[in-house]
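Engineer: Add chain B to chain A, keeping to what the hints say.
So the protein sequences, as listed, match chains A and B.
The numbers in this note's numbering rise by one with no breaks, and the one at position 96 of the first sequence is 109.
The numbers in this note's numbering rise by one with no breaks, and the one at position 58 of the second sequence is 1057.
Careful, some of the hints might be misleading.
Quick list of simulated restraints, FRET-style, between CB atoms [to be verified]:
#1 G1246(B) - T123(A): 50 to 60 Å
#2 S265(A) - A1178(B): 49 to 59 Å
#3 H1055(B) - W202(A): 18 to 28 Å
#4 V1192(B) - S265(A): 35 to 45 Å
#5 E45(A) - D1056(B): 33 to 43 Å
#6 T119(A) - D1232(B): 45 to 55 Å
#7 G1164(B) - V256(A): 37 to 47 Å
#8 R1126(B) - E45(A): 56 to 66 Å
#9 D1240(B) - E45(A): 48 to 58 Å
#10 A1178(B) - T123(A): 51 to 61 Å
#11 D1056(B) - R326(A): 55 to 65 Å
Here are some of the chain A residues that sit facing chain B, going by a computed Cβ distance under 7 Å [said to hold, decoys possible]:
#12 Q60
#13 E62
#14 A70
#15 T96
#16 A221
#17 P222
#18 A226
#19 R231
#20 H233
#21 S234
#22 T235
#23 G236
Calculated Cβ distances over 12 Å to all of chain B for the following chain A residues [what the hints assert, rightly or not]:
#24 N71
#25 D268
#26 R297
#27 K308
#28 P372
I should point out that these hints are in silico values taken from the structure, not numbers from a laboratory.
Cβ atoms here follow ideal geometry from the backbone N, Cα and C, with glycine treated the same way.
These are the residues of each chain, in order.
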Amino acid sequence: MDGDHALAEGALAAGCRFFAGYPITPSTETAERFAERCPEVGGLFIQMEDEIASITANVGAVWGGQKVMTVTSGPGFSLMMETIGLACMMETPMVLADVQRGGPSTGLPTLTAQQDMMQARWGSHGDYRVIALVPDSPQECFDLAIEAFNLSETYRVPVFIMTDETVGHMHEKVVIPPAEEIQVVERNWYEGPKEDYRPYRYDGKGVAPMVKAGDGYRFHSTGLTHDERGYPALTPEMNKKVVTHLIEKIESNADKIIRVEEDGLKGADVVVVSYGITSRIAIRAVQEARKAGLKVGVLRLITVWPFCEKKIRELASKVKAIVVPELNYGQIVLEVERCAGGKCKVISVNSCGGAVHDPEEILAAIKEGAK
Amino acid sequence: MSDLGSEYSTDDETFRKQNPMAEFLRMERMPHIWCPGCGVGTVVTAFAEAIKSGGHDRDKIAVVSGIGCTGRVAGYVKFDSFHTTHGRAIPFATGLKLANPELTVVVISGDGDLSSIGGNHLIHAARRNMDLVVICVNNFTYGMTGGQVTPTTPNMANASTTPTGNYETPFSLPFIADAAGATFVARWTALHVRNIAQSIGQALNHRGFSFIEVIAPCTTLYQRRNRLGDGLDAMEYYKEDAEILHGADTRKIDIGYQGKIAMGKFVERKKPTFLEAVNEHYTKVIGDSYQLYSKTPLDKVAEEKARLSAGVSPEPLTCGAED
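Extracted from the complex, chain B is given alone in its bound form:
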């Protein structure tokens, strides 16, 4: 047994060193928790690929996740990363981005996290055109807690809390994101790895709220409970029934149970981001006395030090106005 153990540990080490994504992943945390056939790993790989091919500064990327299987992504990626509370990845990311606007903040979380408990935050971040990239891995179920119904579970699909089929009407997430004001909206399936990577790449370069939905299999719960086979069977389904429809009307892209999946880039439009709107507004309203908000206190301290060393006296601290 001990020989077997050491053999395995050697394999692990080799795997960790040789993995092509090693520079993007916290290899010391491998193996990950995801099941064979799960779509989350595919999305992580596509994300890493997008960062790599896009030549982004890896020190300026931050990843925020909520809770659930996809919520664990933040723990595995080698960027500044935060695993937050259930449903709150978007407001956390909002604070992070606004505190340090030079960051590219990416939210990676699941359908339950982003559209059920976090649904309010999703629509408001979209409305504000907050400069975030939100990647939603939609596997139609709560995986971590054992396969309960979510707001995206197709009508009549089985879940542990709808054991005789889901009688509710599901959300179509691209439609919601579009209607709420997102300026980049796309959908792919876990089979379309290159498209996901390309779409994430575009979203990383897009200024404003980007929403990418990835339809992905949960083999252990959704697939099994609905007798849909394994991961490969899910890929067969995506291959057969997913169709690229760039620019499709988001009102018409609902997904029925094992039905057609419209995918592609549905929306790409220009609109000031939240921070652009803030700066534009105050520059107009209060003019020269407005301190353009974009620098962090640390930058200001550094600037102050530079000014002092250059022999310029600092401006007095503007706190404590009269009232």
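In isolation and in its complexed conformation, chain A is listed as follows:
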């Protein structure tokens, strides 16, 4: 199964039964898979008129009670950004996969890249936080789709799966466990007197439980700055409460959310920090470097946002250099530099996208770092 299909299967396994989408290379296979599978599993697929409509219909469907997903690539991701802000403000759990391709603009529609990593973090206007996961294989597309749904329900936040064309179109074995072995976090539905229901809470104690339209709560939600009832409250004080909550619900749980994979960090002189398809290329370079006697560690980011700040700070004080290969002109390396704070060398192995790295480029950077 390829990565795009695995995303769809993972979402279905997580209980997603609604998908509003718009075709864009190299993500279309996910939408096609949903279109094919929905009638068999009591789900609904709708191809909307554009990406803005897709993401917005998904937000609406969440408030109608569904678990939802959509998929896109760079140009569509850009179009969705305003509504992603709405989803953040309404605290709407939803999953969006960006199968990245080369940009800017129409760029390289059929060729791989990791150029939307900062857009995932900062793309919509205003201050907010999201969660972004990066799979490095079709198997992980399946697994992380489920995890993305679980995180989105836990924190009432949009979760992005920042995959890429290579992983999306790569065919590998995908093991789908029996349904009873799959851990699925269901929506935290409100139970209590109707008159006491509040769709939001800003007391620092997590997110409010949800209800769906039609259950008699007659609640209100808006993209305007709102109080706990969801009513517009357009003051600096209220905005401070809301924005702080949107940020803190993620940041204060960063340790629980962040997942990384480590190999040989202990005693390493150089650490390669990478994610997605690039981490698989980097392995080859690391193997070569180790053969040459260099002490090289590997840190693979599975969660990119929130960023593993503590881990990088810790590493920076112990190693000579951190090497960051990525299929963009240097995005996540900026975060690594910020966290390293000048304590070690940070070497970017960037690319303009279109093809994965030659392992030799990464090897050269490792050697440079080990000097």
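Structural biologist: Leaving out everything else, chain B in the frame of chain A:
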């Protein structure tokens, strides 16, 4: 001053309790933001009247608005209500309706929101015959942002971005809705309150995409900028120049500057809704293995629980097909 203040607050409370529409409105949010003479409040009242007289289950009504003066309607009505992004009320409503088909989803928004930034969504929802009621308050201007020209501003009318008159050709919204496939299309003016209420009532009972345009005054911007007087003057204009023409050819009902207004129910036709088409299609194509899409996951969970308590073992989850 403090005495005056308490007197006012008593009045507010009395007003909130005694208002005949109190059960349909979030009275705790009153007073609203709309200007004296504005037509939006009239439409809200007509909408509430239609719900009341139609005996609809108020828990199953959801209201979605976009951005703008009319976009604020969702915030004042006591139903499940959503105030979304600019132009996107229709796709939001589409998702809401499809996620929970037992809802009656009503979009109430303005001409700028629905026909300019949201124009694409309007025609596609009409094309699909999505089962929504869309009420467009057309005041020929962007009120919230200060009176700019919209796609419906009549030719040669003044707006803040066409200070010497609008040189563009406006949309005739009922014509667009009709041409795009809407199965219920009507137009009224803010003077014709009973007709609006009646029309909304019919639309609530209509299966498919209903579009109701209400020509309404923006006294603060459109009326003032064009020296057309106040709300009452607008009512005089509607009284003089609006004419009921049920079933009129929608190609011939453009509105010129202070010109004749054709109103009435222009279109009412039968066609499968989007969801009916989906269900019909898959029932035909894949037969018994098709799970009729109309129930929410919650209903399914409830059914599953009922089955389990009745001692029937659940069917295995059908996810993870081979590939």
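Engineer: Under the constraints set out in the numbered hints, which ones does this structure not fulfil?
Structural biologist: 4, 8, 10, 12, 16, 17, 24
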